[in-house]
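Chain H: place on chain C using the hints.
Just so you know, the sequences run in chain order C and H. Per my numbering, the first sequence runs over residues 1066 to 1303. Per my numbering, the second sequence runs over residues 61 to 314.
Do not rely on the hints blindly, as some may be mistaken.
A short list of chain C residues far from chain H (calculated; beta carbon distances all over 10 angstroms) [as the list claims (entries may be wrong)]: (1) P1108; (2) A1116; (3) I1124; (4) A1212.
Among chain H residues calculated to face chain C with C-beta under 8 angstroms, some are [unchecked claim]: (5) Q270; (6) P300; (7) I309; (8) G311; (9) Y313.
Worth flagging that the hints you see were computed from the coordinates, not collected in a lab. Think of the CB as a built atom: it goes at the ideal place given N, C-alpha and C, for glycine as much as any other residue.
Residue-level listing of the chains:
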Amino acid sequence: MVDHTVKAFDADIGQLRGLISQMGGLAEDAIAQAILALQRPDPVLARKVDADDKAIDAIEREVERLAVRIIALRAPMAVDLREVVAAMKIASVVERIGDYAKNIARRVPMIEGAEGGGHRIEPISILPSMAAMASGMVRQALDAFAARDPDAAVRVVESDKALDDFYDSIFRTLVTYMVENPRTISQVAHLLFVAKNLERIGDHATNVAEMVYFAASGSQMADHHRGGTLSQSAEEQR
Amino acid sequence: MTFPPKIQARDVSVFYGDTRAIDHVSIDVAQDNVVAFIGPSGCGKSTFLRTLNRMNDTVASARVDGQILLDGEDIYAPDMDVVQLRARVGMVFQKPNPFPKSIYENVAYGPRIHGLAAARADLDEMVERSLRRAGLWDEVKDRLDDSGTALSGGQQQRLCIARAIAVDPEVILMDEPCSALDPIATAKIEELIHELKGRYAIVIVTHNMQQAARVSQQTAFFHLGQLVEFAPTSDIFTNPREERTRDYITGRYG
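This is chain C alone, in the form it adopts within the complex:
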């Protein structure tokens, strides 16, 4: 796209986009670190993930402030307007993604503190690949925003089905494990929430992708792409 005649407008938009990708990077890290803290286990790292979430919140406020300023001072139109509105909404979704990572980190001491130690629960070893899939969706959604690529956004939405299936399978595995090992129920219940959080992160990445699609193309994503996001989780079906 051609530059704006008023150069400061490009600088503002550039700064807004920079904040979004910075925020996305922090959220991806938070997911990876929270799962690492769970897997090792490492309560110190878990506390750090919890504390670092404040940085994500701060960027969200910064995005909001800058977006309002751009709307007030630059009166953005068309693709610029869509992008500013999308950035504001994406920031609040990424903030939620950060909260899910924080929530996972906070469960680490509850899983580990219990008798027997959570790291002996075998199904824990499946969670890192689910986390990698969820955080991959977050990264791809934000890459699509950076590239203003509606097709990449569609691919993110389509990939959510695989994450939902992953969640369903982990759900069954964890329930089976609880039945066979009743003494671990309270710990495995926490793991269920961890899996659920990862599944929700995928849903939020999907929301981001839908906003990216709108910002880049000017129209809403077709329903057949979005259909996958509406699949009920196994937990809700029961």
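Using the frame of chain C, we list chain H on its own:
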């Protein structure tokens, strides 16, 4: 919206001497709509506006090709009475241009020369009604004999609108009616446009894109004499189809 279009322009080109100022433009103006013309300086939007009531006739070198129909009637037909046409298609200009006469006479002039008022009482009523519709009555009712040129710029512009609507036109053309006004006077004109909408078809040329966005239901973007895009205003400003429209309204125009 079941009405046929008030104005239908078909394949209109305008030449100044050998220079083509408007290049094969076709557009419909609905009876109950405000249509905004936007585009960079020299794009032809004002030239095109002026073809709609044959104001270009006054420019010796100007030539108009194509067809412009008002209620299906060709306004460039040889038997068209241009004075009558301009009563049906009124115009408001960039700079307020009241006659150097009283406020009353400014408004009464049109009805009088068109023989619309039989008695003084009729004329009084027309003047009051027009000033009310133009949102000026309360400000001037006690000084109708004062000179129109003694009013503020915003009031003068509303006086010109009152003068245009006094002859009961069907269409009002506005050529940057707010460019010489402050924001408050501008807001009053915009509010007035909202109130006049439905009663008259309105076509407004404006350089202020926010104004086009605020007052119109449809927007036409002109560039280099061509009509690039004509669409509902909300579409033009959120999701224009044409790259040239997008670059212009987002401030990327070369």
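Checklist entry - Is the Cβ of A1116/C more than 10 angstroms away from each Cβ in chain H? => result holds, 41 angstroms
Checklist entry - Was A1212/C rightly flagged as not at the interface, with every chain H Cβ beyond 10 angstroms? => result holds, 18 angstroms
Checklist entry - If you take the shortest Cβ to Cβ gap from G311/H to chain C, is it below 8 angstroms? => result Holds, about 5 angstroms.
Checklist entry - Against chain C, is Q270/H within 8 angstroms by beta-carbon distance? => result This hint holds: Q270/H lies near chain C, its Cβ roughly 6 angstroms from the closest one there, short of 8 angstroms.
Item to check | Hint status (Cβ of I309/H to nearest Cβ of chain C, threshold 8 angstroms) | outcome: holds, 4 angstroms
Next on the checklist: Hint Y313/H vs chain C: min CB-CB distance below 8 angstroms?
Outcome noted: holds, 7 angstroms
Item to check | Exclusion check [I1124/C not at the chain H interface, CB over 10 angstroms] | outcome: I1124/C is indeed farther than 10 angstroms from all Cβ atoms of chain H, at 26 angstroms.
Checklist entry - Hey, does P1108/C actually stay past 10 angstroms from chain H on C-beta? => result The claim stands: P1108/C keeps its Cβ more than 10 angstroms from every Cβ of chain H (closest is about 49 angstroms).
Item to check | chain C contact restraint on P300/H - CB to CB distance below 8 angstroms | outcome: It holds, given that the least Cβ distance between P300/H and chain C is near 5 angstroms, below 8 angstroms.
In summary, the structure agrees with every hint in the numbered list given earlier.
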